[in-house]
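A.B. asks: Line by line, the protein sequences are chains S and D. All residue numbers for the first sequence refer to this note's numbering, where the first residue is 1 and numbers rise by one. All residue numbers for the second sequence refer to this note's numbering, where the first residue is 1 and numbers rise by one.
Calculated from the structure, these hints are not laboratory results. Just to be clear, a hint being listed does not mean it is correct.
Pairs count within a copy or across copies, as identical chains cannot be separated in the list.
[As the list claims (entries may be wrong)] Taking lysine to aspartate or glutamate pairs in the EDC-like style, the calculated list, with each CA pair at most 16 Å apart, reads:
#1 Lys315 - Asp424
#2 Lys315 - Glu117
#3 Lys370 - Asp311
#4 Lys315 - Asp113
Number of protein chains: 2
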Amino acid sequence: MTGKGNEIRIFDTTLRDGEQSPGVSLSAAEKVEIARILARMGVDVIEAGFPAASRADRAAVERVAREVGSDGGRDVPTICALARATDADIDVAWDVVREAEHPRIHTFLAASDLHLEHKLRITRDEALERTAAAVARAKRYCDDVQFSPEDASRAEAGFLCQMVIAAVEAGATTINIPDTVGYRTPEEFGALIERIVGCLPSGQDIVVSVHCHNDLGVATANTLAGLRAGARQAEVTINGIGERAGNAALEEVVMTLRTRHAYYGLSTRIDAARIAHASRTVSHYTGMPVQPNKAIVGANAFAHESGIHQDGMLKHQGTYEIMRPESIGLADSSFVLGKHSGRHAFAEHVASLGYELDADRLEAAFRRFKELTGKKREVSDADVEAMIADLVQRSDDAYRLVDLQVVAGSPGLSTATARLVGPDEAERVYASVGTGPVDAIYRAIDSIVGVPNRLEEFRIHAVTEGIDAQGAVSVRISSADAPMRIGGYGTDADILIASAHAYINALNRLVEVRAARAERTGAGGGSTPAGKR
Amino acid sequence: MTGKGNEIRIFDTTLRDGEQSPGVSLSAAEKVEIARILARMGVDVIEAGFPAASRADRAAVERVAREVGSDGGRDVPTICALARATDADIDVAWDVVREAEHPRIHTFLAASDLHLEHKLRITRDEALERTAAAVARAKRYCDDVQFSPEDASRAEAGFLCQMVIAAVEAGATTINIPDTVGYRTPEEFGALIERIVGCLPSGQDIVVSVHCHNDLGVATANTLAGLRAGARQAEVTINGIGERAGNAALEEVVMTLRTRHAYYGLSTRIDAARIAHASRTVSHYTGMPVQPNKAIVGANAFAHESGIHQDGMLKHQGTYEIMRPESIGLADSSFVLGKHSGRHAFAEHVASLGYELDADRLEAAFRRFKELTGKKREVSDADVEAMIADLVQRSDDAYRLVDLQVVAGSPGLSTATARLVGPDEAERVYASVGTGPVDAIYRAIDSIVGVPNRLEEFRIHAVTEGIDAQGAVSVRISSADAPMRIGGYGTDADILIASAHAYINALNRLVEVRAARAERTGAGGGSTPAGKR
Numbered sequence: 001m002t003g004k005g006n007e008i009r010i011f012d013t014t015l016r017d018g019e020q021s022p023g024v025s026l027s028a029a030e031k032v033e034i035a036r037i038l039a040r041m042g043v044d045v046i047e048a049g050f051p052a053a054s055r056a057d058r059a060a061v062e063r064v065a066r067e068v069g070s071d072g073g074r075d076v077p078t079i080c081a082l083a084r085a086t087d088a089d090i091d092v093a094w095d096v097v098r099e100a101e102h103p104r105i106h107t108f109l110a111a112s113d114l115h116l117e118h119k120l121r122i123t124r125d126e127a128l129e130r131t132a133a134a135v136a137r138a139k140r141y142c143d144d145v146q147f148s149p150e151d152a153s154r155a156e157a158g159f160l161c162q163m164v165i166a167a168v169e170a171g172a173t174t175i176n177i178p179d180t181v182g183y184r185t186p187e188e189f190g191a192l193i194e195r196i197v198g199c200l201p202s203g204q205d206i207v208v209s210v211h212c213h214n215d216l217g218v219a220t221a222n223t224l225a226g227l228r229a230g231a232r233q234a235e236v237t238i239n240g241i242g243e244r245a246g247n248a249a250l251e252e253v254v255m256t257l258r259t260r261h262a263y264y265g266l267s268t269r270i271d272a273a274r275i276a277h278a279s280r281t282v283s284h285y286t287g288m289p290v291q292p293n294k295a296i297v298g299a300n301a302f303a304h305e306s307g308i309h310q311d312g313m314l315k316h317q318g319t320y321e322i323m324r325p326e327s328i329g330l331a332d333s334s335f336v337l338g339k340h341s342g343r344h345a346f347a348e349h350v351a352s353l354g355y356e357l358d359a360d361r362l363e364a365a366f367r368r369f370k371e372l373t374g375k376k377r378e379v380s381d382a383d384v385e386a387m388i389a390d391l392v393q394r395s396d397d398a399y400r401l402v403d404l405q406v407v408a409g410s411p412g413l414s415t416a417t418a419r420l421v422g423p424d425e426a427e428r429v430y431a432s433v434g435t436g437p438v439d440a441i442y443r444a445i446d447s448i449v450g451v452p453n454r455l456e457e458f459r460i461h462a463v464t465e466g467i468d469a470q471g472a473v474s475v476r477i478s479s480a481d482a483p484m485r486i487g488g489y490g491t492d493a494d495i496l497i498a499s500a501h502a503y504i505n506a507l508n509r510l511v512e513v514r515a516a517r518a519e520r521t522g523a524g525g526g527s528t529p530a531g532k533r
Numbered sequence: 001m002t003g004k005g006n007e008i009r010i011f012d013t014t015l016r017d018g019e020q021s022p023g024v025s026l027s028a029a030e031k032v033e034i035a036r037i038l039a040r041m042g043v044d045v046i047e048a049g050f051p052a053a054s055r056a057d058r059a060a061v062e063r064v065a066r067e068v069g070s071d072g073g074r075d076v077p078t079i080c081a082l083a084r085a086t087d088a089d090i091d092v093a094w095d096v097v098r099e100a101e102h103p104r105i106h107t108f109l110a111a112s113d114l115h116l117e118h119k120l121r122i123t124r125d126e127a128l129e130r131t132a133a134a135v136a137r138a139k140r141y142c143d144d145v146q147f148s149p150e151d152a153s154r155a156e157a158g159f160l161c162q163m164v165i166a167a168v169e170a171g172a173t174t175i176n177i178p179d180t181v182g183y184r185t186p187e188e189f190g191a192l193i194e195r196i197v198g199c200l201p202s203g204q205d206i207v208v209s210v211h212c213h214n215d216l217g218v219a220t221a222n223t224l225a226g227l228r229a230g231a232r233q234a235e236v237t238i239n240g241i242g243e244r245a246g247n248a249a250l251e252e253v254v255m256t257l258r259t260r261h262a263y264y265g266l267s268t269r270i271d272a273a274r275i276a277h278a279s280r281t282v283s284h285y286t287g288m289p290v291q292p293n294k295a296i297v298g299a300n301a302f303a304h305e306s307g308i309h310q311d312g313m314l315k316h317q318g319t320y321e322i323m324r325p326e327s328i329g330l331a332d333s334s335f336v337l338g339k340h341s342g343r344h345a346f347a348e349h350v351a352s353l354g355y356e357l358d359a360d361r362l363e364a365a366f367r368r369f370k371e372l373t374g375k376k377r378e379v380s381d382a383d384v385e386a387m388i389a390d391l392v393q394r395s396d397d398a399y400r401l402v403d404l405q406v407v408a409g410s411p412g413l414s415t416a417t418a419r420l421v422g423p424d425e426a427e428r429v430y431a432s433v434g435t436g437p438v439d440a441i442y443r444a445i446d447s448i449v450g451v452p453n454r455l456e457e458f459r460i461h462a463v464t465e466g467i468d469a470q471g472a473v474s475v476r477i478s479s480a481d482a483p484m485r486i487g488g489y490g491t492d493a494d495i496l497i498a499s500a501h502a503y504i505n506a507l508n509r510l511v512e513v514r515a516a517r518a519e520r521t522g523a524g525g526g527s528t529p530a531g532k533r
């Protein structure tokens with residue numbers, strides 16, 4: 001484990017803070033896939049979830065700890081679980097990360113008076129006691145304990161130092177300073193980190209960490225200012241996703257340290273050439289699109305439009321380019337698969353992208369790949385990623401699409417007929433009209449599945465270029481039965497079929513959430529007649 | 001005009017640098033609509049384009065100068081045109097902005113040795129001479145002259161100061177320091193601006209400006225650092241669009257200055273409550289989506305997902321929120337139109353959003369609004385904005401969609417039949433099969449229009465929530481006949497019809513570009529048989 005000197009630990013919280021992005025809900029299988037990509041990329045610490053939040057979170061963190069955090073290699077990343085400063089949270093956090101080769105418990109407690117008074121309704125003294133007690137309890141389980149004073153950037157500085165010292169004395173080895181509401185400027189945040197570094201007891205091996213939110217658009221600058229001021233761990237997410245406007249983006253922090261190495265003198269263990277793949281995968285699984293003008297990973301980040309810029313680039317690449325697209329894995333000559341690529345070439349290529357598929361899924365992926373080569377001449381990495389995302393997401397579905405027929409156009413009503421297989425393996429067919437083809441399809445599917453919900457968001461984008469590109473559809477639905485919006489994802493060369501898959505995918509998740517809720521409350525779920533309870 | 005003391009001039013370059021975003025191409029009508037919104041919002045200077053780049057750019061800047069820059073009000077914004085440091089560029093820039101009440105010429109020349117040696121192939125002394133000559137020529141036309149030393153942030157500081165002094169001595173009143181390639185850190189950029197402010201001749205009323213690119217993700221932080229160091233103009237774009245990873249975002253700079261007024265002590269004239277509307281309009285017209293985790297204007301920027309955050313928010317809004325959504329115009333109780341809203345209520349609401357539609361377009365918009373109320377219960381601001389964007393973009397189309405029929409589904413081939421009216425007012429019908437419905441539609445349209453092109457990008461998103469939401473489709477096509485990608489846009493409750501509109505919209509623009517090119521080169525265009533030339 002690095003983290004001192006000039007080496008910066010990259011602590012990725014895509015699976016925890018990133019998954020708290022409104023509308024995002026990752027399955028355990030998806031979390032494992034993303035964690036594999038992060039591990040392969042060289043991330044030092046993976047925060048895999050907040051186990052006390054739900055049974056699904058517990059199961060997912062446990063799988064990440066077992067399947068990604070303990071595969072025997074020396075370079076296996078630390079797997080971290082978040083816990084409030086309570087015994088119950090810390091116990092369950094330990095329970096799910098203990099199988100990791102390098103487990104970490106990350107506990108937190110509010111530090112600002114605003115949070116202490118209004119949210120927790122405790123005094124500063126009580127907060128110090130709870131901090132010490134929580135860290136000590138975590139330390140009984142695990143050497144590697146991280147403590148975060150929540151809303152640190154709005155806390156009174158003297159009290160913040162007291163809290164940090166209490167955590168260190170109780171055994172915390174990493175102190176993370178979050179700008180929870182994204183309020184600070186880079187100058188202020190740098191000064192805060194300098195102060196925290198200064199108040200730590202000397203002679204101990206404590207790493208200061210930064211966790212910056214992007215509400216004012218300066219999360220990356222704040223993170224860099226914190227690192228300059230002495231922090232040696234950066235909490236980041238792929239594509240900068242996270243609560244509200246998100247977190248500092250891994251790709252921006254890593255590529256700035258790399259591009260401006262002479263200025264910062266700091267380095268990370270990240271294999272930057274894996275950034276583009278990680279960005280696309282996280283975008284597929286979370287359904288969070290990346291805008292074209294996103295730094296580093298946006299579709300336009302390396303495109304030069306104006307005549308003056310194009311002319312300059314032809315004369316000297318340095319005129320308008322400070323990074324090469326290849327450095328983040330955007331190769332001009334990316335390996336492209338075609339009609340004649342065999343099973344072996346396909347399997348090798350999928351493995352080189354960082355996927356570890358079992359034989360069944362590999363076979364399913366290969367079948368879809370062959371289908372796709374019948375529809376388009378060249379299949380790119382982005383196509384393969386979208387296909388695999390679709391397969392990973394559809395592994396254990398209660399409802400599956402068998403057939404779909406649509407008649408649409410102007411003027412007149414759109415009509416869709418859908419045939420689905422249900423959890424009882426029986427096929428059901430339903431036809432419906434709608435204001436458009438997607439509306440008709442969704443009404444037909446609704447009639448079969450019968451779970452009340454509301455479509456909140458619907459997005460399609462082409463996975464690659466060309467008229468024969470696959471369409472990737474993301475939807476979000478909400479329901480009185482689910483505490484948050486539920487996402488669904490589908491890809492197909494036909495956007496109507498992709499739309500159907502995405503909606504069915506979301507409904508399958510909703511069915512699971514309802515079942516889990518029914519089990520937990522003993523209420524029997526929506527299908528149990530109330531009179532029988 | 002403000003700009004000294006603690007007041008920051010907002011110089012919006014959405015129509016110039018923003019329009020240089022790869023794939024974006026705004027028509028004159030769209031530029032005028034966006035300029036109106038910027039003016040109403042309180043932008044001090046609108047950079048309307050780069051007139052020397054093309055005849056279309058000249059026409060657009062001229063219309064913005066006449067229709068937005070000279071409507072007689074005292075608060076009319078300055079209209080600025082960009083020009084290289086050549087007589088021809090400066091002459092044409094003046095020619096198109098002269099009708100504005102407050103015209104500005106913005107001329108630029110490379111300042112870094114890399115650009116001087118490799119792009120321009122001139123010496124530093126020649127650069128100084130050209131700077132002075134260009135500014136002097138602009139000054140003959142116009143009091144308000146801005147000079148930018150291009151790639152200033154990588155120039156040798158001593159030479160940069162010489163160049164700035166040469167420009168000021170020749171009459172420049174604003175000196176803009178661009179971080180052209182987005183290379184600098186906030187600390188470095190702040191120090192650079194401090195140095196520039198220090199080397200300006202005293203006693204003159206010179207405004208220093210900053211123009212930051214987002215390649216490393218720190219454009220907003222660099223802009224703020226520049227303002228703290230003494231710059232009094234910020235060059236920004238709506239949604240941060242622009243070359244590559246874009247520019248500093250207007251909304252981030254403005255809302256940071258506002259939210260952190262006690263820290264910066266700086267203010268702008270921007271009416272922040274118009275930010276959300278401006279953001280959506282620019283996104284519609286440019287086809288550049290805004291990612292959900294974009295600061296200030298992203299769909300998630302004010303959404304709170306985790307249980308802990310929601311609980312905190314219920315107890316005290318300040319726990320997790322530093323800005324109110326209303327402050328940028330995201331009202332909870334936004335005025336919603338319905339089935340029973342009449343022509344007058346509709347017209348008033350459209351005007352309150354900042355649109356100035358002539359009677360024909362207002363009537364067309366009202367007809368579409370009534371159609372939409374037949375399909376969905378409530379029509380929101382976002383619906384109205386999408387509808388108007390669609391109308392503005394389809395004003396002078398050569399080809400128009402009359403009818404569309406689609407049969408699609410799995411398994412089997414998709415079939416589309418399209419009927420279009422062409423420039424000769426004759427109707428043509430064509431049917432085609434495809435790998436999916438959009439593919440089939442686009443092939444049928446291609447057969448009618450007959451202009452070779454390649455579909456580069458295809459995106460759909462729902463304009464609002466609910467299963468009956470309108471779909472907004474953006475496409476980009478490329479062609480050997482056009483120097484850049486051409487965008488198209490369409491909305492409809494039926495995404496297949498919206499897809500057809502978007503593609504036809506892009507083809508109409510391509511037809512225009514081809515015609516303009518044919519006229520310019522005298523080559524007669526693609527339809528002239530080669531043998532007859």
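A.B. asks: Each of the hints needs a verdict: does it hold here or not?
C.D. replies: Consistency of the hints with the structure:
Proximity of Lys315 and Asp424 under a CA criterion of 16 Å is satisfied in neither setting, with 66 Å inside one chain copy and 45 Å between copies. Taking CA atoms no more than 16 Å apart as the test, Lys315 paired with Glu117 passes between copies only; the shortest distance there is 10 Å, against 62 Å inside one copy. In the homo-oligomer, the alpha carbons of Lys370 and Asp311 never lie at most 16 Å apart, since the shortest distance is 41 Å inside one protomer and 49 Å across protomers. Within a single copy, Lys315 and Asp113 get their C-alpha atoms only as close as 58 Å, which misses the 16 Å cut-off; across copies the closest is 14 Å, which meets it.
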